[in-house]
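Chemist: Note that the protein sequences, when read in sequence, are chains C and Z.
Take the first sequence: its position 12, counting from 1, is numbered 12 in full-length UniProt numbering, and each next residue is one higher.
Take the second sequence: its position 34, counting from 1, is numbered 34 in full-length UniProt numbering, and each next residue is one higher.
Just so you know, these hints were derived from the structure itself, not from any lab.
Keep in mind that a hint or two might mislead.
Copies of the same chain look alike in the list, so a pair counts if it works inside one copy or between any two.
In silico DSS-like links for lysine-lysine, alpha-carbon gap of 25 Å or less [unchecked claim]: (1) 24 <-> 39; (2) 6 <-> 21; (3) 91 <-> 24; (4) 6 <-> 39; (5) 92 <-> 61; (6) 39 <-> 61; (7) 92 <-> 21; (8) 91 <-> 6; (9) 21 <-> 61; (10) 25 <-> 92.
Number of protein chains: 2
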Amino acid sequence: MSHLEKAITCMVEVFEEYATKDDKKHQLSAAEFAELMNKELAGPEFQGKLDQEVRDEAIAKLDKNHDGEINFREFSMFLATLARGYYRSTKKGKGNKGKSAKSE
Amino acid sequence: MSHLEKAITCMVEVFEEYATKDDKKHQLSAAEFAELMNKELAGPEFQGKLDQEVRDEAIAKLDKNHDGEINFREFSMFLATLARGYYRSTKKGKGNKGKSAKSE
Numbered sequence: 001m002s003h004l005e006k007a008i009t010c011m012v013e014v015f016e017e018y019a020t021k022d023d024k025k026h027q028l029s030a031a032e033f034a035e036l037m038n039k040e041l042a043g044p045e046f047q048g049k050l051d052q053e054v055r056d057e058a059i060a061k062l063d064k065n066h067d068g069e070i071n072f073r074e075f076s077m078f079l080a081t082l083a084r085g086y087y088r089s090t091k092k093g094k095g096n097k098g099k100s101a102k103s104e
Numbered sequence: 001m002s003h004l005e006k007a008i009t010c011m012v013e014v015f016e017e018y019a020t021k022d023d024k025k026h027q028l029s030a031a032e033f034a035e036l037m038n039k040e041l042a043g044p045e046f047q048g049k050l051d052q053e054v055r056d057e058a059i060a061k062l063d064k065n066h067d068g069e070i071n072f073r074e075f076s077m078f079l080a081t082l083a084r085g086y087y088r089s090t091k092k093g094k095g096n097k098g099k100s101a102k103s104e
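Chain C on its own, in the form it takes in the complex:
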């Protein structure tokens, strides 16, 4: 498998790992989601790349369908939102328009 294929399967595996902790095996409860966030998305290196704003935006999207449970569709959109935040931050970091960040 390519890295990208592994990335996609990882999204599924992590969801399943946490979603299956309680009786509703296909949804993350608030507690399961909180545990997933704390264990899988709290690394300082990753966090450093994500503005609080992006996290808030991503969480707000989850809240839209708020029935207290997060299905895989919602989770996949959540990860896509985080990825967009990460993408924006890498571009900022690089100073890609040739401004000043050349020597980082």
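Once you've looked at the hints, dock chain Z against the given chain C.
Modeler: Just chain Z, lined up with the frame of chain C:
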């Protein structure tokens, strides 16, 4: 970094690797996207899990904004759609629950 954090950063890295091949560094041209698909998302193991229907659905979504270029937002939604197809297929594949699902 956790596996999930690596998965998210991988989505970004692969996009950048292909998007930067031509002058429009923040978008995938049709040619860049085709190359990405052929090199990064064509493994038999992964393909075996994805119905043609899912691929078609994902590509159709890309086409919605069709200006011949795919930005990261569109790409992230595309990957989320693939992930949902993969998730559905793993559930099909597993059939019943409770077979040997005793987790750590």
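Chemist: Taking the hints in turn, state whether each one holds.
Modeler: Okay, the hints, checked on the actual structure:
1. 24 <-> 39: within (20 Å within a copy, 37 Å between copies)
2. 6 <-> 21: Result: close both inside a copy and across copies, 23 Å intra and 23 Å inter.
3. 91 <-> 24: Answer is between; shortest inter-copy Cα gap is 14 Å, intra-copy 39 Å.
4. 6 <-> 39: both (19 Å within a copy, 13 Å between copies)
5. 92 <-> 61: within (24 Å within a copy, 28 Å between copies)
6. 39 <-> 61: For residue 39 and residue 61, the Cα distance is within 25 Å only inside one copy (21 Å; across copies 32 Å).
7. 92 <-> 21: For residue 92 and residue 21, only the inter-copy Cα distance (20 Å) is at most 25 Å; the intra-copy one is 38 Å.
8. 91 <-> 6: Both. Shortest intra-copy (24 Å) and inter-copy (18 Å) distances satisfy the 25 Å Cα cut-off.
9. 21 <-> 61: within (23 Å within a copy, 33 Å between copies)
10. 25 <-> 92: Between copies only: 14 Å across chains, 39 Å inside a chain, cut-off 25 Å.
This entry satisfies every hint, going by the numbered hints stated previously.
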